[in-house]
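Colleague: Read off the chains here:
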Amino acid sequence: MNLFTRLLNLLIALGCFAIAGIALAYFFINEKFEWIPEPILELAREKDLLEKPEAKRCADCHKDIYDAWKKSRHSISWTSKTYIEASENRTKEKCLACHIPESVKGEKPSPRLDRRDEGIYCVSCHFVDGKMNGPYDLVAPPHPTYRNPEYVRSGFCGSCHQKTFKEWKATKEEDTCQDCHMPRTQARLTQKFGLNLLHKKKGVGNHRFLHGEISEKDILMEASFQDNYFNISLLNKTVPHGVPTADNGDPRLYLYFTFYNSEGEEVDRAKEILAPQQDTALPFNKKVNFRYRLFDPINRVSVVLKYQPAWSKEKELVWEKTVQP
Amino acid sequence: MSFARTFLIYFTIAFMIVLPVHAKDVVLKEPPKSLDQFYPPHSKQPKWTQQMHKLSNHFGGVFINLKEKDFENVDKHADKLVEEYKKTSEMVPEWEEYFDLKAAEAFAAAAKTHDMKKAGKASGDLGKTCGKCHAEHQISVWTKYHWPSFHKIKVTDPSSEKEVEFDKFMKQISGSFKSMRVNFGEGQYDRAAKALKAFKSEYMELKSTCSKCHTNDDVKRFYVGGDAETAFQGLAKELNAEKPDPGNFWKNVGLVGKTGCKNCHLTHRTYSKIKEIWEEK
Numbered sequence: 001m002n003l004f005t006r007l008l009n010l011l012i013a014l015g016c017f018a019i020a021g022i023a024l025a026y027f028f029i030n031e032k033f034e035w036i037p038e039p040i041l042e043l044a045r046e047k048d049l050l051e052k053p054e055a056k057r058c059a060d061c062h063k064d065i066y067d068a069w070k071k072s073r074h075s076i077s078w079t080s081k082t083y084i085e086a087s088e089n090r091t092k093e094k095c096l097a098c099h100i101p102e103s104v105k106g107e108k109p110s111p112r113l114d115r116r117d118e119g120i121y122c123v124s125c126h127f128v129d130g131k132m133n134g135p136y137d138l139v140a141p142p143h144p145t146y147r148n149p150e151y152v153r154s155g156f157c158g159s160c161h162q163k164t165f166k167e168w169k170a171t172k173e174e175d176t177c178q179d180c181h182m183p184r185t186q187a188r189l190t191q192k193f194g195l196n197l198l199h200k201k202k203g204v205g206n207h208r209f210l211h212g213e214i215s216e217k218d219i220l221m222e223a224s225f226q227d228n229y230f231n232i233s234l235l236n237k238t239v240p241h242g243v244p245t246a247d248n249g250d251p252r253l254y255l256y257f258t259f260y261n262s263e264g265e266e267v268d269r270a271k272e273i274l275a276p277q278q279d280t281a282l283p284f285n286k287k288v289n290f291r292y293r294l295f296d297p298i299n300r301v302s303v304v305l306k307y308q309p310a311w312s313k314e315k316e317l318v319w320e321k322t323v324q325p
Numbered sequence: 001m002s003f004a005r006t007f008l009i010y011f012t013i014a015f016m017i018v019l020p021v022h023a024k025d026v027v028l029k030e031p032p033k034s035l036d037q038f039y040p041p042h043s044k045q046p047k048w049t050q051q052m053h054k055l056s057n058h059f060g061g062v063f064i065n066l067k068e069k070d071f072e073n074v075d076k077h078a079d080k081l082v083e084e085y086k087k088t089s090e091m092v093p094e095w096e097e098y099f100d101l102k103a104a105e106a107f108a109a110a111a112k113t114h115d116m117k118k119a120g121k122a123s124g125d126l127g128k129t130c131g132k133c134h135a136e137h138q139i140s141v142w143t144k145y146h147w148p149s150f151h152k153i154k155v156t157d158p159s160s161e162k163e164v165e166f167d168k169f170m171k172q173i174s175g176s177f178k179s180m181r182v183n184f185g186e187g188q189y190d191r192a193a194k195a196l197k198a199f200k201s202e203y204m205e206l207k208s209t210c211s212k213c214h215t216n217d218d219v220k221r222f223y224v225g226g227d228a229e230t231a232f233q234g235l236a237k238e239l240n241a242e243k244p245d246p247g248n249f250w251k252n253v254g255l256v257g258k259t260g261c262k263n264c265h266l267t268h269r270t271y272s273k274i275k276e277i278w279e280e281k
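So the protein sequences, as listed, match chains L and U.
Read in order, the letters of the first sequence are residues 1 to 325 in my numbering.
Read in order, the letters of the second sequence are residues 1 to 281 in my numbering.
Hints are computed from structural coordinates only; laboratory data are not their basis.
Glycine is no exception: its CB is placed at the ideal position from the N, C-alpha and C atoms.
Watch out, some of these pointers could steer you wrong.
To be verified - The list that follows gives simulated cross-link-like pairs (lysine-lysine, BS3-like), each with its CA atoms no further than 25 angstroms apart:
1. 94/L - 152/U
2. 220/U - 166/L
3. 81/L - 154/U
4. 313/L - 171/U
5. 197/U - 321/L
6. 315/L - 162/U
7. 220/U - 92/L
8. 94/L - 275/U
9. 220/U - 273/U
10. 92/L - 162/U
11. 94/L - 47/U
12. 313/L - 212/U
To be verified - Examples of chain U residues lying across from chain L (beta carbon under 7 angstroms, computed):
13. 40
14. 41
15. 158
16. 204
17. 207
18. 208
19. 211
20. 215
21. 240
Generate the whole structure from the sequences, applying the supplied hints.
Modeller: Encoded structure:
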């Protein structure tokens, strides 16, 4: 056997060992992590991860989750202009618990003193009682993660979104907050090169916390003319909580009516404000009726529904309809 | 000038000076600026109030422990009282003269004799220093630091959808309420019906305003709740009827005024007005 053949054989053998090693590690990490001796895991632990690190530190491995969170309202719960104005420069005590929660675990949290600029960040939700928690049990060599079923239940979000949680509970719908606002896709929990190859894909929740894309299929309208009245009803058909909803913010739906006569001239206008703070938000699957007295003969009514989130002065068009007698 | 006349003149002048005290006028002086640092937003905690609680607890602690014959704690509270009293006297320079350190030390010494009578007697001089300051400033401090500044609150005008000053909005809502009443009184029912629409939407907007400070929904529903809602329905029913019934109309007007306007004004208006005057200066 010449030298070249020997070297080639050696390389092939090393390659086989490497592949077998990776396969074995993949198997143990994903299927039988409880078989890995603790002293071996200890060698890979990164202790600072269990000392309430900043979100950027978590991004070393969980880049995709971090990027999504960074775009979320949660990441700016302490720094947003709307919050600063509404809380009179953060002096309203009632806001603190949920805008800078220490640890979210199913009940109203306590406010924290450190890292306030991070708002509702990784540690707030995943670091509970000195341990990293999540929807999965994971060996995750840098830090162990313990499965807590609360992470896929609405009660977890209800720690802060208490009124919305109550509204949802009253609907008896099965879809949880996470199903709609943190839809899962099959993805890797870590993007760190090397570690990403060792982790099986799992259902990963969207940490952007998707928010209110409402349309014609969600809010249904029925309208009719009767004597000298215009009757209209709205039905929140698909969203299992009030639309809009908020514990302390002031999101609104604006429902505009413009009444025209047969000449096409505008003869009257009316408006409804549908807002949780005014107890006028649209409840789930229950018709809400409005009635307008017509002072002049009407040929056509234009009905426009717009949505204004709590943090914006801008309104988005939901739908626009025309009704004729 | 005879002695009697001179005496009479001086007596009259002296009596006139003393007279305002007898008149029981209430004078609310704005607390000094230096107190700001002990209340939010300058401080995260209402430190001045906490300091008052400390003094009160140590003062009370002396008597509670004397009664329980726990003399070790009597001494501790007496010492802490003097320490905190001294610290408090240095917190607001403008109020330094209200404090009498000798009275505090005398009280502590009397307390340490563990004789209830002696402590009680010595507490009088010390208590007077607290009482004088409270009589002159307690309401002012509550007003300034514990009540919201309504004129700083912005309200979304439901008509223009723009944020307006609270005071301006209250004038607007008062105008809509008046317009409905005046038009009804004149028999202009269609105009009154239109004014009711504007008034109701402005009135409901106040629910959002309450929520800016109150997390408990019961608060806003106390002012703008079921009773007001029923009254609005009653008003709409009358204004859309062929022949409105003035009795029902005015009964519901009264209900709206009583449940919402009056209750809220009684709770908030006095303090808000005082703050407004202070902040205008």
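Colleague: Of all the hints given earlier, name the ones this structure violates by number, lowest first.
Modeller: none
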